[in-house]
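Student: Read off the chains here:
8 protein chains.
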Amino acid sequence: MSENIERLLKGVRAGRLSTDRALGVLKDLPYKDLGFARIDNHRALRRGFPEVIFGKGKTPDQIIKIARRIISSDGILLITRTDTKVYSRLKKIYPKIKFDKKSGIIYYRTTPPPIKTGKVLIITAGTADLPVAEEARATLEIMGDPVEILCDVGVAGLHRLLDKMKALGEADVIIVIAGMEGALASVVSGLVSKPVIAVPTSVGYGASFGGVAALLTMMNSCSPGVSVVNIDNGFGAAYFASMINK
Amino acid sequence: MSENIERLLKGVRAGRLSTDRALGVLKDLPYKDLGFARIDNHRALRRGFPEVIFGKGKTPDQIIKIARRIISSDGILLITRTDTKVYSRLKKIYPKIKFDKKSGIIYYRTTPPPIKTGKVLIITAGTADLPVAEEARATLEIMGDPVEILCDVGVAGLHRLLDKMKALGEADVIIVIAGMEGALASVVSGLVSKPVIAVPTSVGYGASFGGVAALLTMMNSCSPGVSVVNIDNGFGAAYFASMINK
Amino acid sequence: MSENIERLLKGVRAGRLSTDRALGVLKDLPYKDLGFARIDNHRALRRGFPEVIFGKGKTPDQIIKIARRIISSDGILLITRTDTKVYSRLKKIYPKIKFDKKSGIIYYRTTPPPIKTGKVLIITAGTADLPVAEEARATLEIMGDPVEILCDVGVAGLHRLLDKMKALGEADVIIVIAGMEGALASVVSGLVSKPVIAVPTSVGYGASFGGVAALLTMMNSCSPGVSVVNIDNGFGAAYFASMINK
Amino acid sequence: MSENIERLLKGVRAGRLSTDRALGVLKDLPYKDLGFARIDNHRALRRGFPEVIFGKGKTPDQIIKIARRIISSDGILLITRTDTKVYSRLKKIYPKIKFDKKSGIIYYRTTPPPIKTGKVLIITAGTADLPVAEEARATLEIMGDPVEILCDVGVAGLHRLLDKMKALGEADVIIVIAGMEGALASVVSGLVSKPVIAVPTSVGYGASFGGVAALLTMMNSCSPGVSVVNIDNGFGAAYFASMINK
Amino acid sequence: MSENIERLLKGVRAGRLSTDRALGVLKDLPYKDLGFARIDNHRALRRGFPEVIFGKGKTPDQIIKIARRIISSDGILLITRTDTKVYSRLKKIYPKIKFDKKSGIIYYRTTPPPIKTGKVLIITAGTADLPVAEEARATLEIMGDPVEILCDVGVAGLHRLLDKMKALGEADVIIVIAGMEGALASVVSGLVSKPVIAVPTSVGYGASFGGVAALLTMMNSCSPGVSVVNIDNGFGAAYFASMINK
Amino acid sequence: MSENIERLLKGVRAGRLSTDRALGVLKDLPYKDLGFARIDNHRALRRGFPEVIFGKGKTPDQIIKIARRIISSDGILLITRTDTKVYSRLKKIYPKIKFDKKSGIIYYRTTPPPIKTGKVLIITAGTADLPVAEEARATLEIMGDPVEILCDVGVAGLHRLLDKMKALGEADVIIVIAGMEGALASVVSGLVSKPVIAVPTSVGYGASFGGVAALLTMMNSCSPGVSVVNIDNGFGAAYFASMINK
Amino acid sequence: MSENIERLLKGVRAGRLSTDRALGVLKDLPYKDLGFARIDNHRALRRGFPEVIFGKGKTPDQIIKIARRIISSDGILLITRTDTKVYSRLKKIYPKIKFDKKSGIIYYRTTPPPIKTGKVLIITAGTADLPVAEEARATLEIMGDPVEILCDVGVAGLHRLLDKMKALGEADVIIVIAGMEGALASVVSGLVSKPVIAVPTSVGYGASFGGVAALLTMMNSCSPGVSVVNIDNGFGAAYFASMINK
Amino acid sequence: MSENIERLLKGVRAGRLSTDRALGVLKDLPYKDLGFARIDNHRALRRGFPEVIFGKGKTPDQIIKIARRIISSDGILLITRTDTKVYSRLKKIYPKIKFDKKSGIIYYRTTPPPIKTGKVLIITAGTADLPVAEEARATLEIMGDPVEILCDVGVAGLHRLLDKMKALGEADVIIVIAGMEGALASVVSGLVSKPVIAVPTSVGYGASFGGVAALLTMMNSCSPGVSVVNIDNGFGAAYFASMINK
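Here the protein sequences come in this chain order: A, B, C, D, E, F, G and H. According to the working numbering, the first sequence is numbered sequentially starting from 364. According to the working numbering, the second sequence is numbered sequentially starting from 364. According to the working numbering, the third sequence is numbered sequentially starting from 364. According to the working numbering, the fourth sequence is numbered sequentially starting from 364. According to the working numbering, the fifth sequence is numbered sequentially starting from 364. According to the working numbering, the sixth sequence is numbered sequentially starting from 364. According to the working numbering, the seventh sequence is numbered sequentially starting from 364. According to the working numbering, the eighth sequence is numbered sequentially starting from 364.
Hint data in this document are derived by calculation from the structure and do not stem from the laboratory. Glycine residues also receive a C-beta, built at the ideal position from the N, C-alpha and C atoms. There could be a bad hint or two in this list.
[Unchecked claim] No more than 25 Å apart at the CA atoms, straight line, and that leaves these computed lysine-lysine pairs for BS3-like:
hint : chain 1 : residue 1 : chain 2 : residue 2
1    : D       : Lys459    : B       : Lys428
2    : A       : Lys479    : A       : Lys428
3    : E       : Lys419    : C       : Lys464
[Claimed, not checked] Far from chain C, some chain F residues (derived; all Cβ distances over 12 Å):
hint : residue
4    : Thr382
5    : Glu414
6    : Thr474
Work out the full structure: start from the sequences and follow the hints.
Tutor: The following block contains the structure:
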């Protein structure tokens, strides 16, 4: 990340570091080829956050190798859709690493993030949407965004939401997480002048089609100010929220 | 039915009936009986409301022929999804016949309907949903249900709806008509203890898929007390509403 | 529910209850925040029936906490799509609680419901639709609606249905539950002047697409007087039926 | 067709026809290459009926060229999904050619077909399904199958169908044509021991999805003895019916 | 079935049977109510074959009760989509009952069926389609239709099929069973003048969508003379084939 | 809310309020309070930007009426998906009103907007995406956001995009508009640390399914930092962009 | 890349470069380098064939401007999905320009292409597929590939295809164009050892879903050696064919 | 064919052949001839590569039987989508047989293949796409194509790909394997003048719909030179690549 590289460059300038050793550090900057994976080391520099590991479909060995590499170069680790097995093995190496079992997210920082002033509010329609909310929350925590969760305020009992107008008013960015009919995003967006990032979830059955119903609802929101990420993609919503929360 | 069979068996025993003919009778037994019964019952049932003509796909000549027959036997006419051409021809025969151009509904009664005491409230999310609302309203008018329309109270500006809590409270049945994300049905249902009949409309574009998005939203309502009819089916919603509005 | 609150208000009026203690009771009226869930205590007052717990996706601990809270404030509990594990734990607290294993519904009332005079008839196309029918039946039982089930009268043998015209005629509301092609709803609706609430089920294979075929059939019913709820949603159909069964 | 070829072979045997001239006639037997089309002259021999022209997407010139060719070799012409323009031009050449405008079918035979003894019954759910029925009827007429149409006996008024049990009983093959929910095929099949060929039609709106709803209904028929052809494919159903009506 | 009833009627005529006992037997004729199932006893009389049990979604107890009932009244049993558990229990009662494990079909007849002269040919595109073919074969066996299976002649190696032109020519009805792209039905139909009943199977992966690709292929066959049944519905195809194989 | 309830309870205790009226008040409590609150809040919120008219499905008369009211109260007008007819009529009243024919957007401000410092970059994959880009541009113009359009830099010629790294670097928010395969959003997002709002367009044919292919592509972006709005929804993307461009 | 970094580090060490500027350079490093590289490479690549204009959604003015620029720089023009209007205007400028009205393709070369030795065979299932074939043929003509069209050899009359085994054997690449069930691609592929590029067409109706049925068929081909392009994409198939026809 | 017909006619004329037999011969003529021809041709074709076993849906016994037969006659074995069980049994017979567990591919050659000079490059978007890549690699290995894998170069970090321009330039055919949004195929195709065979994978979640999103992306590639095979079909892509890699 830029601080690391800046420090390195200053070392070179000051003569504390040979150009050879600096080159050794920087030569993997664009990416590191592990054979089965090509880690985008440059990403932190380019995008302000290092590569995030999508755990699903990778073997524990692959994940751990990539994880170690990212931590050593960037000091920040985020793995989504992984499991207890990977967590146990990483915990032995990084005892302070965190894990949320329900969402399967692992996250870790060697140094605390700079804390932002803007605030992200996560709203869920129901209790069953909590794993997705937790994935979002962990992502925001590691990115340094102050975050609050408002749980189970679906449109079936609208006053639960209306009662929280103050919290809505204080947020800078709002993430709305809802399954079934996914109507909450439109309703929240209609109440505030904050950008709403909508996350459809696979909560529901029958004609919810694994989240498609909620996705379409959010896509067709009659209230402008809503944009949508993939079904159950708490991480993506949080990442986007952090980007616009300056 | 057993008396018939007993009579038949006795006929066989007495030699009045060949086994072949007896077998032939037994083959049709359950249907023949009920077939005839059905007709009479059905007429009695239909006294309530005659056949409704679905105009689409029928020629004007076909429609007019059926219409004249229904008016002459039942004194009530309802044609959905038809056009000015049919209307003009029918108007020459029945000068008092009514027509709503946008929804394409033609309706007519030779005698005024008995007026019910319960009230049906039609709520639309947007102005573009009005043709469907008008189809519903005309249907309710001819069936004798007092009806009120609350237009353009979509969830993008919730206070427009919350302001009308009194009207919601006074209705006996509520029809919610909404396109785009169709979230209004859930929201209304969460506010009242009245049955909500939801009509998805084809208003929208892109991922509204001609009303499918709204249909799925309504189907997955997290608020119990909502049932759904076909896309743009104002008539069907009104007919159902009239049935439960006693 | 209103009786409870009425009793409380009368106690206040009569001086049997201090305003402070009454306030203590009423201050949670709009909702109770459990952290992971926000129970809509006001729902019973507003909608005539307390919040219903959708079990799927909630942990047993979450369900039991919410359940206790709802029973203590409203005296009525309904949990859909849950399992034996939750039931066993609740049974220890509420020995009279009921459970239907196939549909996964748990239901319980501290006091018997006021019994209605109208009658709800549940008709299933096949034996495999029974779990959905049982979810509907349990819901109606706890809401106080007299209910009868007519099982396995699918359109492949129409006389089985035609033979039951008397039962159809005596019902005030009819719930039709059918998978595969779902044709039964149209057929029943064509025979009676009662509102028909259609429940598509996921019974079938291949091009039944988990209930979509039946859902579309019911949605497109050529017989007016049919409205539709989500696939396998026996609870929703029963709730709607109870609302219109006065 | 085989009679023609048989006559030709007998002519050769009897010496009335030189092998050269016979070869001239037979050399196109497998097919005739028109450049833009490759007419399967062998089809009549192989399948008992010559190639049928699918008019949609072909220019009038192409159709007429192919049509002349088929008439001259087989004496039977069937063009589906064509229009008045093609008809007018062919009528000048073959004054007795027939055309049904609604379905766009053109048909013609130079000699009357051998009439079969079995009977095909076409049943339509509604009046709007008639064009498809007419396509089927014309196809059966030219193939020599006695045919009867029973129109507008949809399941919304079941007695209309039950009243016709006699006609159903007398048929050898039944074609059921229905749009909207398409439930009629299952109902008819449940009443008889005749094969039912189901034709979904695009009659309907909204969630009928241009005939998909009816198609799925028919595909999932709970009553065995139903098989299905493409949406609006009256020709295909009739062709299949004729094949099994011996 | 008609022979049973005929025998009974003759017994009544001859005085061997009292009308009372005969009435007792016949009074259950239209259907037998088991509470959870309503067996259509009349079906054998009306349709020439008794009710077939769809095993999926029924408990073993339910299936066995229904099975016993059907065997005792009709002497023929067919259960589709069931398992070894049900088979083992039924085998104890009816030692000669048959079971095909792969397709899950159980079948049994107390007396041998009258053998037909027409022949049904079952063609499968691949070896993985065999369970569906076996379901069809067992159904045809019990209905008395001579049947032959031609396995693994998919269009990837057309000569395997062309080599079997003789078998195709000798068949009276052809059932084509194919997954993946399902092209075999069109190809076979183009070669013969026999009705082809196409069964799409769920064999395949990715964009085969569980059989939808094959279903659509068959539905859109450019070769007339093909009709289609549900995905993996070997039973339905065989039943239909038997109906037209006289 | 508890003060209100306390006051009410004291009224009951003091006999100033009947228990019946108190119960009635409690029933509406959560909504009544907030309903009123909402209105005021809402006006404040709306000061930012008034209601936007969705032209499709509204009559010219309806649009003009609403437009005049909005202009007179807010001084800002935005109508999407309308046509020349509406524009001509409005131009007579507001001569400075603007119109983009291709996208059908009409926009107008009585006073110039406060100009923001952040910059929005609109990128289109192809020339055919321009109407959607223009809808976005007009929306941003009227909201006071500096905007630049980078046209026709689709992934088929990546260097066209890589050449514009400077423009990408200077933008604060990026809107990516792409039809066909819609891959541009992921690619752009991978290059920058700016939030990317993706707009799928209906540009394409065949398996683009009117924009669905592009929508799914964007939804599944492997590069975090992308959120998506409805197909062809240039307005929605611009509105969202303006919200986060402070 | 490491030389660049080394140079940069040495500059920092030597004080020729501030750490700030060095950091800025490192941020753009991977893209800047390659960006420039790309341009040159790209030009070299493009020598083979210039940009092709997708006419749909572009105004005639836009198309003509782009066309003139491409012709003047590359001497080769290909416009797909355009119309007579554009053609007429271009014809005035380039009198030798060619146009196929049915497919809407315009093509032109200032100098004749180098003719390849390999041969591309285009096979269509029906006459209605010809416009797509013509788009492919024109594309191949302008790219210098010898091309032959074999029209109307669909699987309904397989011998028409089998008779052309010689033509199939002589081709180096085969393009199969088919609508409806699209089975031809599998069949052809099974007969030869040549790569088959399959083009589904929108020819058909009902459940052909505008080419989706054919697309799925081709996608699921049981015969390896088939790859697929978009529906009606004759150009894409030809372009791909030309690439592999060396 | 005309010689055959001539011979036949002469036989008829000479009385050597009855007209009946001649008619019978003519009926089979186009197929009989070609049927036999086919077999020989086919063997010749197959010399290139024998039948490949699709393991899914076949029993181990079936697979092993087929495998032994193919090895004994052709010396080359390829089984896709099979498992360790089959592998263990085959290993006992053919100790040098190879197996890749993740993709489930078994492959074996008794003699080494002739090695080609052209090179196939396999590119994967992510690490999770490796099993599909391995299926492709094994297929190419056994077909004798030199192959290289470039792993994890998805569009989220484009420089990883741009850095490998040399490898791209050296390849003769490129296989791009990508899940999620599948954008990599278009991007790669835009960079090179090599044919790109795109393989969508089921890697992803939510709206990736098991690979459908990637499939549609690839199908709609705005960059010509891309053709597509089925989801996860590494084998099919490799087979096609080998065909065009001469």
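Student: Each hint needs a verdict: does it hold in this structure or not?
Tutor: Evaluation of the provided hints:
Restraint check for lysine 459(D) and lysine 428(B): the C-alpha separation of about 31 Å exceeds 25 Å, so the hint is violated. Under the criterion of a C-alpha separation no larger than 25 Å, the hint pairing lysine 479(A) with lysine 428(A) is inconsistent with the structure, at around 31 Å. Taking the CA atoms of lysine 419(E) and lysine 464(C), the gap is near 17 Å; set against the 25 Å cutoff, the hint holds. A beta-carbon of chain C is positioned within 12 Å of the beta-carbon of threonine 382(F); the least distance is around 4 Å.
Listed as outside the interface, glutamate 414(F) is consistent with that label: its C-beta sits roughly 29 Å from the nearest C-beta of chain C, beyond the 12 Å cut-off. No beta-carbon of chain C comes within 12 Å of the beta-carbon of threonine 474(F); the shortest separation is about 43 Å.
The structure fails to meet hints 1, 2, 4 from the earlier list, while all remaining hints are met.
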